[in-house]
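For the protein sequence lines, the chains are H and C, in the order given. When you line the first sequence up against numbering that gives the first Met the number 0, it's residues 0 to 439, in that order. When you line the second sequence up against numbering that gives the first Met the number 0, it's residues 0 to 462, in that order.
Keep in mind that the hints were calculated from the coordinates and are not lab data. Fair warning: this is a prediction, and the values are worked out from it, not measured in the lab. You may find that some hints are simply not true.
To be verified - For each label pair, taking beta carbons as the anchor points, the in silico distance ranges come out as: (1) H:63 with C:306: 16 to 22 angstroms; (2) C:321 with H:252: 48 to 54 angstroms; (3) H:137 with C:44: 49 to 55 angstroms.
For each residue, glycine too, the CB sits at the ideal point set by N, CA and C.
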Amino acid sequence: MITQRGFVVVFSGVLLLTSGFAFINFYLVLLGVYLVIGLVVTLPLFALTANLAGIEVDRQIDKVKIFSGDFVRVRVTIKNASRRHFDFIEVHDQYPETWILAIGENFIASRIEPGGNITFSYILQARMRGRYYLGPTEVIMRDRLGLHYYKRTLKEQTEILVYPTWKDVRRMEALGKQRQLGLMFGAHRTKTVGMGSDFAGFREYVPGDEFRLIDWKTSAKRGDMVIKQFEMEKNIQVICMVDTSGSMGNGYPENTKLEYAIRAAVLLTHMGLERKDLVGTCVFSDMVHGYVAPGLSMNHMYDVLEVLAMAEPKGWSDYETAIQYVVEKTRKRSLIIWMTDLEENPAPLLNAMKTLVANGHKAMVISPFGPWFEAPVGQFGPVEKVLAEAVSEELWERRNKIARALARFGITVVNVGPEDFLPTIIKTYEQAKQRGVAMF
Amino acid sequence: MKAVTWILRLAATAAFAAMAYLIYSILDVNDIWHWNAPYTFVVTVFRLLSLLFFFMTVTMVNSVASIFSGGTIPNDLVIGLYNTLILKMWYMQPYGASGPLTNLQEVWTSFFVNLWQVLGDLWNNTFLFLYFLLAGIGIALFLQSLVRMNHKFVGGAFLAIQSIVVLASYRALTVPDLTPFPTDFVVFLLQRAQLLALVSFAYLELSYQMIYSYSVGKPVEDREETLKKQLLALRQATRKQDAIERGESVRTTGMSRTAGATAFSFLREAIERKVVGTQDALENLDAVADVRRLQIYVDELLQSDSRAHDELTAKAASPSSGYIIGSTIIGSIIRFLSVVAISFILMSPGVIVVLLDLPPGILNSVEMLQPEIVLLLLVPVSLLFPFVSMIISWMSQREEPEKPKLSKEEREAEKVRRKELARRKREAAKARRERARARKKRKSSEAEKDEWDKALEDTYGSA
Numbered sequence: 000m001i002t003q004r005g006f007v008v009v010f011s012g013v014l015l016l017t018s019g020f021a022f023i024n025f026y027l028v029l030l031g032v033y034l035v036i037g038l039v040v041t042l043p044l045f046a047l048t049a050n051l052a053g054i055e056v057d058r059q060i061d062k063v064k065i066f067s068g069d070f071v072r073v074r075v076t077i078k079n080a081s082r083r084h085f086d087f088i089e090v091h092d093q094y095p096e097t098w099i100l101a102i103g104e105n106f107i108a109s110r111i112e113p114g115g116n117i118t119f120s121y122i123l124q125a126r127m128r129g130r131y132y133l134g135p136t137e138v139i140m141r142d143r144l145g146l147h148y149y150k151r152t153l154k155e156q157t158e159i160l161v162y163p164t165w166k167d168v169r170r171m172e173a174l175g176k177q178r179q180l181g182l183m184f185g186a187h188r189t190k191t192v193g194m195g196s197d198f199a200g201f202r203e204y205v206p207g208d209e210f211r212l213i214d215w216k217t218s219a220k221r222g223d224m225v226i227k228q229f230e231m232e233k234n235i236q237v238i239c240m241v242d243t244s245g246s247m248g249n250g251y252p253e254n255t256k257l258e259y260a261i262r263a264a265v266l267l268t269h270m271g272l273e274r275k276d277l278v279g280t281c282v283f284s285d286m287v288h289g290y291v292a293p294g295l296s297m298n299h300m301y302d303v304l305e306v307l308a309m310a311e312p313k314g315w316s317d318y319e320t321a322i323q324y325v326v327e328k329t330r331k332r333s334l335i336i337w338m339t340d341l342e343e344n345p346a347p348l349l350n351a352m353k354t355l356v357a358n359g360h361k362a363m364v365i366s367p368f369g370p371w372f373e374a375p376v377g378q379f380g381p382v383e384k385v386l387a388e389a390v391s392e393e394l395w396e397r398r399n400k401i402a403r404a405l406a407r408f409g410i411t412v413v414n415v416g417p418e419d420f421l422p423t424i425i426k427t428y429e430q431a432k433q434r435g436v437a438m439f
Numbered sequence: 000m001k002a003v004t005w006i007l008r009l010a011a012t013a014a015f016a017a018m019a020y021l022i023y024s025i026l027d028v029n030d031i032w033h034w035n036a037p038y039t040f041v042v043t044v045f046r047l048l049s050l051l052f053f054f055m056t057v058t059m060v061n062s063v064a065s066i067f068s069g070g071t072i073p074n075d076l077v078i079g080l081y082n083t084l085i086l087k088m089w090y091m092q093p094y095g096a097s098g099p100l101t102n103l104q105e106v107w108t109s110f111f112v113n114l115w116q117v118l119g120d121l122w123n124n125t126f127l128f129l130y131f132l133l134a135g136i137g138i139a140l141f142l143q144s145l146v147r148m149n150h151k152f153v154g155g156a157f158l159a160i161q162s163i164v165v166l167a168s169y170r171a172l173t174v175p176d177l178t179p180f181p182t183d184f185v186v187f188l189l190q191r192a193q194l195l196a197l198v199s200f201a202y203l204e205l206s207y208q209m210i211y212s213y214s215v216g217k218p219v220e221d222r223e224e225t226l227k228k229q230l231l232a233l234r235q236a237t238r239k240q241d242a243i244e245r246g247e248s249v250r251t252t253g254m255s256r257t258a259g260a261t262a263f264s265f266l267r268e269a270i271e272r273k274v275v276g277t278q279d280a281l282e283n284l285d286a287v288a289d290v291r292r293l294q295i296y297v298d299e300l301l302q303s304d305s306r307a308h309d310e311l312t313a314k315a316a317s318p319s320s321g322y323i324i325g326s327t328i329i330g331s332i333i334r335f336l337s338v339v340a341i342s343f344i345l346m347s348p349g350v351i352v353v354l355l356d357l358p359p360g361i362l363n364s365v366e367m368l369q370p371e372i373v374l375l376l377l378v379p380v381s382l383l384f385p386f387v388s389m390i391i392s393w394m395s396q397r398e399e400p401e402k403p404k405l406s407k408e409e410r411e412a413e414k415v416r417r418k419e420l421a422r423r424k425r426e427a428a429k430a431r432r433e434r435a436r437a438r439k440k441r442k443s444s445e446a447e448k449d450e451w452d453k454a455l456e457d458t459y460g461s462a
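Whole structure, please, built from the sequences with the hints as guidance.
Here it is in structure tokens:
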């Protein structure tokens with residue numbers, strides 16, 4: 000392949016040749032011949048040496064699973080497995096578009112000896128969750144004068160799984176540390192009086208109470224028999240239903256409804272694990288994409304993160320299939336928190352809720368309200384503004400109907416925007432703990 | 000690598016100077032290098048313009064005056080007024096007019112006579128001007144090529160200097176030539192025009208080698224420089240944040256744009272997020288946290304891995320200077336010899352006669368002495384090289400078979416995953432169909448009702 004530089008030589012050669020012919024000048028013809036021959040004379044030799052199959056590229060990364068916002072070092076080693084010199088070799092290692100090159104460069108240009116290798120590295124920041132691939136690597140070899148080149152794309156790719164961001168958890172932990180109250184700050188323990196070993200208080204003796212529970216000292220003081228009460232902490236079971244239908248992908252990039260729902264699910268799982276509660280996650284749209292049963296295992300958090308990392312906004316919300324799946328898998332009573340924008344047909348949603356309630360579960364809906372996640376109305380022109388407001392009102396009206404319908408099942412709908420999504424999920428969890436909803 | 004680049008830079012400068020001098024000396028016999036040629040050209044242009052302006056002004060004044068004088072040509076008084084009011088104020092005397100005019104006919108006669116003379120002068124001066132202009136452009140581009148190391152400047156400088164010869168050939172001046180083309184190789188080598196062609200080619204060769212030497216070492220140097228700037232900018236940004244948190248006043252010039260912030264897109268983005276996203280305090284927190292986390296990450300990396308710094312700068316990739324010099328000299332000599340030899344073979348009529356069994360009509364014709372005869376061999380020979388290289392690259396294409404990306408277990412797992420996905424899809428679709436069928440059975444009389452109202456009624460009844 001002739002490079003741009005080669006074409007300049009060709010152009011000059013042809014210009015001089017034609018000028019020589021036109022003005023019958025052998026000097027110009029000679030110079031033109033020099034250029035044309037100079038361009039092509041080394042081509043066979045270059046073709047002989049430029050066997051790019053002899054170039055091997057090896058890419059290594061520190062971690063194959065990282066959190067969104069984390070940094071990862073990519074090491075690229077180029078090896079010349081052939082017995083030839085490569086005078087000028089350019090290597091471009093490609094990385095996902097949404098990532099940021101934090102330190103270094105993903106490009107190198109140098110020469111490489113036979114059997115020799117070049118290693119370079121660069122640091123990337125992963126910005127959005129999901130499954131990504133580093134590569135392919137583009138290798139370009141040029142001759143010394145840069146007149147010809149050969150290009151080869153090495154298709155080897157390195158897969159990296161990017162978990163949802165951990166910054167909310169970090170922020171919450173930092174907040175706890177600042178207040179010197181630890182991780183349980185603000186948390187309410189769900190207690191059951193009667194069993195356990197924590198002292199809860201006294202009550203009057205009623206026939207049938209065990210004698211061993213009578214506190215004789217206090218009874219003597221009061222002059223009446225008093226029973227000493229104990230309590231024990233109970234844990235709750237929560238299942239997070241994350242809707243990944245296409246409409247959940249609306250909003251600013253990195254701040255879509257789905258991203259917030261995922262962040263909320265991560266936060267909820269973390270909080271649950273910290274307090275020994277069981278938190279499960281179900282990712283669904285028109286089918287169940289992933290389900291992690293409530294658990295307390297060591298890898299539970301990573302299982303949830305993996306399922307959430309893969310979530311993509313597509314399809315439509317099939318609430319009935321999702322709840323059917325979850326109900327089948329869940330034997331214990333649970334608090335089911337739906338994170339859905341409720342932009343599907345109402346009947347399936349109501350049927351799903353019926354199924355849920357009929358199986359003894361509790362539920363609530365945390366619903367991101369679409370217009371709050373999209374461009375602020377102030378950025379619109381007058382016509383768009385009116386349209387946006389009309390659409391917004393229409394959606395709001397629908398929501399009110401949904402809320403009224405679901406209220407009959409004792410299910411509350413909380414409309415949230417980007418600002419109050421995460422606080423709402425924390426609040427919901429704390430309230431559930433306080434009220435002892437879905438204890439096991 | 001810098002030393003090699005400098006050596007080649009000096010060599011390219013010498014080649015350019017030799018090329019320019021040879022062209023200057025060969026064309027000097029035509030007496031074209033008048034140093035006042037650009038000035039003469041500019042003056043001639045202005046004189047032509049003044050002539051046109053003068054003619055137009057006189058015609059217009061005459062026309063206007065004839066309107067007021069009833070359509071007749073105005074008398075000498077008008078001309079007198081014109082001379083007094085216009086020409087007196089006009090310091091640049093029109094071409095051909097040496098004093099006041101008394102008759103309009105004189106103006107027009109003078110114009111037509113002088114116009115051709117001026118145009119002729121302009122034509123001649125244009126070429127003189129162009130020689131100087133091309134020489135100036137050539138030198139300017141050459142100087143640019145030394146600094147910017149871009150082949151466009153090298154090509155431009157070469158073409159600009161050679162264009163002087165092309166223009167001089169067009170003007171049929173004495174230019175470097177090889178007519179008749181020598182049949183003896185030694186005679187051919189010692190010809191002055193051949194030397195000029197060789198020096199010109201050498202200039203291109205050396206300049207391209209210079210760019211190669213620069214570009215093969217530069218990326219590694221740039222990487223090191225960029226990394227230094229990035230780390231410095233990162234350190235400064237972190238310190239600045241620390242100072243802000245401590246409540247100390249911070250100078251705004253903590254990180255100059257030229258010192259690295261511009262070269263450091265990550266940090267720039269973090270700063271912009273902080274500045275632009277003032278509405279969201281959490282975003283600011285994120286931006287600061289990102290910079291700090293990157294600082295910690297880099298510090299840990301450099302501490303834990305002794306090779307990390309060298310890999311980030313790709314220090315090991317820097318080629319040795321000795322090899323570059325050696326290979327440049329050998330490569331250039333081989334190329335020169337092969338190019339000169341092949342070109343002589345292609346151009347010499349004697350060789351063509353020996354190689355090709357030409358019919359007598361062509362052999363004895365004047366065409367054999369024409370430059371176009373070179374095409375007879377040039378075209379096939381110059382196409383032969385790419386053809387041969389194509390065959391070589393086709394034959395030596397040892398593409399390794401693509402390695403299977405997944406192991407057997409991974410493939411099995413993938414198969415199971417896909418099966419499971421398909422099963423779930425099927426089940427979901429089946430359940431949906433059943434639900435749809437069940438719904439259809441129910442009577443739906445209110446077609447126009449809002450779907451939510453309908454759903455509510457379905458759930459709780461019309462009451």
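Hints and how they fare:
no.	hint	in the structure
1	H:63 with C:306: 16 to 22 angstroms	holds (21 angstroms)
2	C:321 with H:252: 48 to 54 angstroms	holds (52 angstroms)
3	H:137 with C:44: 49 to 55 angstroms	holds (52 angstroms)
Checked against the numbered hints listed earlier, the structure breaks none of them; every hint is satisfied.
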